[in-house]
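All chains should be built: construct the whole structure from the sequences, respecting the hints.
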Amino acid sequence: MVTPFLIVTLNALKSPAEYAQSGPLSLPDGLYFDGLKDFWTRVDYTQKLVNSTLISGSVAILAVVLSLLNAYAIGVGRVKGRPWILAFFVLANVVPQEALVYPVYYLSKQLGLYDTRLSVIIVFTVIQAAFGTYLLSAVLGRFPREVIEAAHVDGANKWQVLWRIVVPMSRPTLGVLLVFFFVWTWNEFLLPLVMLISNDNQTVSVALGVLQGQRLMDATMTNAAALLGVLPALVFFLVFQRTLTRGIAVGAVK
Amino acid sequence: MTAPRRRAVASSYAPFLLPGVLAFLAVVIVPFLMNTGLSFTRWQGVGTPEWAGLANYRELMDDSAFWASFRHSLFMVVAMAALPTAVGLVLAAALFDYVGKHFGSRVTTVLRACFYLPQVLPIAVAGIVWSWILAPENGSLNELLKAVGLSGWQQDWLGDPDFALYSVMGVMVWVQLGFPLVVFMAGLERVDPQLYEAAELDGAGWWRRFWHITLPQIRPEISVVLTWCTIAALKVFGAVYVLTKGGPGGATDVPSYFSFTTFFEKTQVGYGSAISTVLTVLILALSLIALRLQNRQEEKPS
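Chains P and G, in that order, are what the protein sequence lines are. Residue 239 in the UniProt record's numbering sits at position 239 of the first sequence, and the numbers go up by one each step. Residue 39 in the UniProt record's numbering sits at position 39 of the second sequence, and the numbers go up by one each step.
Just so you know, the hints here were simulated from the structure itself, not pulled from any lab data. Note that this is a predicted model, so its numbers are computed, not measured. Accuracy of the hints is not assured; some may be wrong.
[What the hints assert, rightly or not] Rough simulated footprint, nothing fancy, chain G against chain P, three-plus residues with beta-carbon under 8 Å:
1. 208 to 214
2. 228 to 238
[To be verified] Subject to a maximum C-alpha distance of 30 Å in a straight line, what follows is the list of computed DSS-like cross-link-like pairs (lysine-lysine):
3. G:K245 - P:K37
4. G:K245 - G:K235
5. G:K235 - P:K109
6. G:K266 - P:K109
[Said to hold, decoys possible] Which chain P residues stay away from chain G? Per the calculated CB distances, all over 10 Å, these:
7. A17
8. D34
9. L54
10. W163
Even glycine gets a Cβ: it sits at the ideal position worked out from N, Cα and C.
Structure below.
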C-alpha cells in the first residue's frame with residue numbers, strides 16, 4: 001500500500017540525468033532538491049497552498065456552522081415536518097455534482113462569481129453541510145432534554161442554549177466534521193476544475209490534475225508534483241489520524 | 001404541557017433552518033432542476049435553449065459511447081465496491097484477531113493507517129503517482145517486471161485499450177480499500193468476544209468463525225459500505241481525468257467524464273444534461289433501495 005509513496009519519494013530526490021541512467025527503481029546517489037524547487041516555482045505552489053487552505057478552511061468552518069443551525073432546529077427543536085426536512089437534506093447530499101456542474105457554472109458566470117474562490121466556497125459549504133446536517137441531526141436528536149429545559153428555566157433563550165450548551169457539549173462531533181470537511185474540500189476535483197480556471201485561484205488538486213491531464217510533465221517533474229501533492233495530505237493524516245479513522249466509523253454507522 | 005403550547009415552542013426553532021434551506025435552494029435544488037430542464041433542450045451554452053422534448057434521451061439510447069460509459073461503471077463498481085468490501089472484510093478480520101493478538105494493537109493501528117492513507121490523498125495526486133508507475137517507458141511496474149525476468153509481461157498499461165480499464169480498476173482498488181477496512185475494524189469492536197470464545201471451544205476454525213460470526217455480526221457495516229462505495233463508483237471522475245482522459249478510444253470513459261466532455265468540450269449542454277440526469281436517477285434509485293434495506297434490517301429484532 002505504501003510502496004507507491006516510497007518510490008515517488010525516492011525519485012523526486014533524483015536528478016534527471018540519474019533517472020535517465022538508472023531508472024525508477026534504483027536508490028538515489030545523493031539528494032537532489034532542484035526538481036522540487038523548480039516545480040514549486042513553476043506552478044507557484046505557495047499560491048496553490050494558500051488557495052487550498054483558504055477554500056478548505058472557510059468551507060469547513062461555514063459548513064459546520066450551517067450544519068449546526070440545521071441540526072439544532074431538526075434534532076433539538078424537533079421542528080414540524082422534520083422527517084421531510086431531513087429527507088430534503090439527505091437528497092441534496094446524494095445528488096451527484098455532475099447534475100449541478102453546468103447550472104452552477106452558468107449561474108456563477110451570470111452573477112460575476114465565475115473563477116473566484118468565493119464561488120467554490122459557497123458551493124462546497126452547502127454540499128458538505130448536507131452531510132453534516134444528516135449526521136448532526138442524529139447526534140443532537142439524542143441530546144439530553146433535561147439540560148436544555150433547565151437552561152430555559154434559568155432564562156436562557158435559544159441562541160444562548162445553542163452557543164453555551166449544545167456547542168460545547170457536541171465539540172467532539174463538531175471537530176470530526178471540521179476535519180472531514182477540510183480534507184474532502186481539499187481533495188475535490190470536478191467542480192474546482194470547472195470553476196477555477198485562472199492560475200491564481202487554482203487549488204493544489206486542480207493545478208496538479210490539470211498539469212498531469214495535459215501530459216506536460218517529464219518524469220522528474222511528475223515525481224516532484226506527486227511528492228508535493230502527497231505531503232499536505234500526509235501532514236493532515238498524521239495530525240488527524242485518530243479523528244479521521246474514528247470519524248469515518250461514526251459516520252458510517254449513522 | 002398542552003398541545004398548542006408545544007406547537008408554539010416547536011415552531012419557533014424554524015428561523016434556525018432559514019439560512020440552510022435558502023442556501024440549499026440556491027446551490028442544489030435550483031441548479032438540479034435547471035439541469036433536468038436543460039436535458040429536454042438543445043443548447044450550446046449561449047443564446048436561448050431550444051425545446052427538444054425527449055430527443056436527447058432517444059439519442060442516448062442509440063449512442064454506443066453512452067452505453068459503453070455505463071458498462072465501464074459496472075467495472076468501477078466491482079473495483080470500488082465489491083472487491084474492496086470483500087478484501088477489506090478478510091483483512092479487517094485478520095488484522096483484528098490475528099495481528100492484534102500476536103503483535104499488539106500498535107502494529108494493527110500502523111497497518112490500518114497505511115491502508116487508509118490513499119483515502120486522504122487528492123485523487124488527482126493518486127492519479128499522478130499511478131500514471132507514472134504504469135508508464136510504458138521507464139514506468140516502475142514495467143521496470144520491476146524486467147528486473148524479475150518477466151519482460152514479456154510488460155505493457156502500455158494505460159495506453160492499450162485491452163488493459164486500460166483493468167489498470168484503472170487496479171488503481172481504484174488501491175485508493176478505496178482503506179475505507180471498508182476502517183469501518184469494518186470499528187464494527188468488529190462491537191462484537192462480543194464471548195461469541196468467538198464459545199465457537200473456539202466448539203472447535204470452529206478461523207474460516208468458520210469468520211463465516212458464522214464475523215460476517216453476520218457486521219452486516220449493517222457491510223451494507224453501508226457497499227452503498228457508499230457503489231455511489232462513489234458511479235461518480236468516479238478525477239481518476240479517469242488524470243489517468244486516461246477516458247481513453248484510449250473511449251476504453252475507460254465513464255458517465256461522469258462523458259457528461260463533462262459533452263458539456264465543456266463539445267458544448268452540447270442539453271445532451272450533457274441528459275447524461276447527468278440519467279446518472280442522477282440511477283444514484284437516487286440506488287440510495288432509496290439502500291435506505292429501504294437498512295430500515296428493514298433495523299426493524300428486524302436481532
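Hint check:
A count of 4 residues in the region 208 to 214 of chain P with a Cβ less than 8 Å from any Cβ of chain G is obtained; the coverage claim is therefore met, three being the minimum. Only residues whose beta carbon comes within less than 8 Å of a beta carbon in chain G count, and the region 228 to 238 of chain P has 6; three or more means the coverage holds. With a C-alpha separation of about 28 Å, the suggested pair K245 (chain G) and K37 (chain P) falls inside the 30 Å cut-off, and the hint holds. A distance of roughly 15 Å separates the Cα atoms of K245 (chain G) and K235 (chain G); the hinted pair therefore holds under the 30 Å criterion.
Among the hinted pairs, K235 (chain G) with K109 (chain P) is consistent with the structure: their alpha-carbon atoms are about 25 Å apart, no more than 30 Å. Proposed proximity of K266 (chain G) and K109 (chain P) is supported: the alpha carbons are some 19 Å apart, at most 30 Å. Interface exclusion of A17 (chain P) from chain G stands, the closest Cβ pair being 14 Å apart, more than 10 Å. Annotated as non-interface, D34 (chain P) keeps its C-beta farther than 10 Å from every C-beta of chain G; the closest such distance is 19 Å.
The beta carbon of L54 (chain P) is kept farther than 10 Å from every beta carbon of chain G, the shortest such distance being approximately 16 Å. Here W163 (chain P) stays apart from chain G, with its beta-carbon at least about 12 Å from theirs, past the 10 Å limit.
Violated hints for the displayed structure: none, as all numbered hints are satisfied.
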